[in-house]
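J.: What follows is each chain in one-letter form.
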Amino acid sequence: MTLVETRFPSTEPGRAGLRLSLLSEWTKVRSVRSTWISLIVIVVAGIGLSALVSNIEAGRWASLGVADRLQFDPVRFSQTGEFISQFVVGVLGALVVTSEYATGSIRTTLATVPRRSTVLAAKGIVIATVIFVVTEITAFTSFFVGQAVLTAHGGRTLPSGSTIVTQVTSSAIPVIGITHAGAARAVFLCGIYLTLLTLIAFGFGFILRHTAGAISSFVGVLLVLPLIVQVLPSSIADPIEKFLPSNLGLAMIVVTSRKTDFAGVLMAPWMAAATLLGYTAVVVALGAWLLARRDA
Amino acid sequence: MIRAVGLSKHYGRTRAVDDLSFEVRAGLVTGFLGPNGSGKSTTMRMIMGLDRPDSGSVTLDGRRFHDLPWPLREVGALLEAKAVHPGRSAHNHLVSLAQTNAIPAARVDEVLEQVGLTSVADKRVGKFSLGMSQRLGIASALLGDPEVLLFDEPINGLDPEGILWVRNLLKSLAAEGRTIFVSSHLMSEMALTATDLVVIGRGRLIADTTVAEFISSNTVPTVLVRSPEEGRLAEALAGASLDTTVRPGDGGGLVVTGATPAQIGDVAHGAGIALHELSPQQASLEEVFMDLTSEAVDYHGTTAVEAVS
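Line by line, the protein sequences are chains A and B. Quick note: the first sequence, position 46, residue 39 per the numbering used here, numbers continuous. Quick note: the second sequence, position 293, residue 380 per the numbering used here, numbers continuous.
It should be emphasised that the hints constitute simulated quantities derived from the structure, not laboratory data. Check before you lean on any hint, since a few could be wrong.
To be verified - Pair ranges (Cβ atoms, derived):
| no. | chain 1 | residue 1 | chain 2 | residue 2 | range |
| --- | --- | --- | --- | --- | --- |
| 1 | B | D106 | A | I221 | 57 to 63 Å |
| 2 | A | L11 | B | R151 | 16 to 22 Å |
| 3 | A | P2 | B | R334 | 58 to 64 Å |
| 4 | A | L216 | B | M377 | 55 to 61 Å |
To be verified - Chain B side only, calculated, beta carbon under 8 Å to chain A, not exhaustive:
| no. | residue |
| --- | --- |
| 5 | R160 |
| 6 | E161 |
| 7 | H172 |
| 8 | Q186 |
| 9 | N188 |
| 10 | R313 |
C-beta: ideal position from N, C-alpha, C; glycine also.
All chains, please: the whole structure from these sequences, using the hints.
T.: The structure is reproduced here in structure tokens:
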């Protein structure tokens, strides 16, 4: 009993599905200033801190004792910005969801698609892709900038496969090439770490539906949880420690140079990445379940 | 067409909607009336698939919201005017909505033109007045050129010109054969816009009827009479074999219930009393509504009249 000739027939094959929602979510992400400000902070903090910290550490090399020289980690210095970026991506991941709850526009969004899971998937894919691309570019650029700074201070590239031990007695600052065992993996996993954190905050967003709640939970997991574990008796704390998200992140960017240091304390890099992926899956799945179940 | 059957919904211990059944026909403006907090918005959210009913169901042309392949093309809704990210422009907001249902970008400019927001299309929505936000909400409802349209309190925040514009828009959309369901807590507004009425109070259905029928079936005819001998007239009316009640009118004169103007005139003539005015009174929709829902209002002001019966 259609009386109206509507311009966009609802009988058209297909439906308002994921592909179209991806376009919509991309429009949303790129049309607010907070996205661009956050991304600029990630890039500037990443590359800027890499240059700064590498410069400072290079200056200290000559005065370092053997023990301290064993701690010298050219890859990690180049990824110092990651510490700041993890909070930036957390805020961004949460806001993508909670800003819609704060304004009520989540209801407008959900009223455009038949399935709620489409909205969650589209939002998650878009923000994770944006963060992945930006953090990988930043991580690799930071790596090369950091090594260039060390080289400029007279650093010498370590032969691939060797450890810093070979250079502790030398006056040359160790520099790590991208082909050095584990270097490319460490830098790559830096972007993966930040992308997974984005999705954890994103999941908190759907679970808590509140900006302050989602962001403080995220910060709690990264900063407060390690403090709590630290004050526990070591019989309890030791087996738990390596499962903390922050330590998983550390495990992911460790390179050969520091391996001995952390043996037993940290997981193997890929194992750590897989564990964090598991956490992410649980948080996002809980968010998806609640989204499907609760009134919007 | 919208059909609700036995809709119920509670939040905690509050029954928001209680066994609500009604139909909204195509080609008409149907007013959805009820005091604030009576369950209008909850009902609209259930129609849009946003809140899940505890029991009962609501369908749009026979289908539930979640079974619509292209929701925006079938049902447009203005639920909350300010439900837009304040940092996004009106144009980008509408583009993001249009994309989900494969609606061409040119349609965005069209609806912006239709609601009169073309000149501010690229301004951040956070800077919009309530009236402008309301217009943007209406634009988003119209975006998919849908057959069914829901408007929750669309004239809130609009200036007189905007209110007139909404009235005409609703009527012309209905004239095109669309199903228009518009909620309001203002009776007078519905009297001007709606043909059919669904009236609720405390989540329960009070009436599902037409505006004209709603008024006539809920009012007893009253007549205002003015006379130089009102005291004697009152006595004469009481003495006549009529079941009338007489009370003083607010602006002087007598308000007589239970007799036609002809009967009152006859009584006056018989008693030799001159009449200066004899006029039938049309009860306004507002009064009818107040009477009907006074028991069903959750939040009375302290000076509000308590339930009569």
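J.: Each hint: holds or not?
T.: Hints, one by one, checked against the model:
At roughly 50 Å, the beta carbons of D106 of chain B and I221 of chain A sit outside the given window of 57 to 63 Å. Checked against the given bound of 16 to 22 Å, the beta carbons of L11 of chain A and R151 of chain B, roughly 21 Å apart, stay inside it. For the hinted restraint 58 to 64 Å between P2 of chain A and R334 of chain B, the CB-CB distance of approximately 60 Å keeps it satisfied. A hinted range of 55 to 61 Å holds for the C-beta pair L216 of chain A and M377 of chain B, which are about 58 Å apart.
About 5 Å separates the beta-carbon of R160 of chain B from the nearest beta-carbon of chain A, less than 8 Å, and the hint is met. Here the hint on E161 of chain B is kept, as its CB sits about 5 Å from the closest CB of chain A, short of 8 Å. Taking 8 Å as the C-beta contact cut-off toward chain A, the hint placing H172 of chain B at the interface holds, the least distance being around 6 Å. Because the closest C-beta pair between Q186 of chain B and chain A is about 4 Å apart, less than 8 Å, the hint holds.
At its closest, the beta carbon of N188 of chain B sits 5 Å from a beta carbon of chain A; the interface hint therefore holds under the 8 Å criterion. Hint status for R313 of chain B: violated, given a least beta-carbon distance of 50 Å to chain A, over 8 Å.
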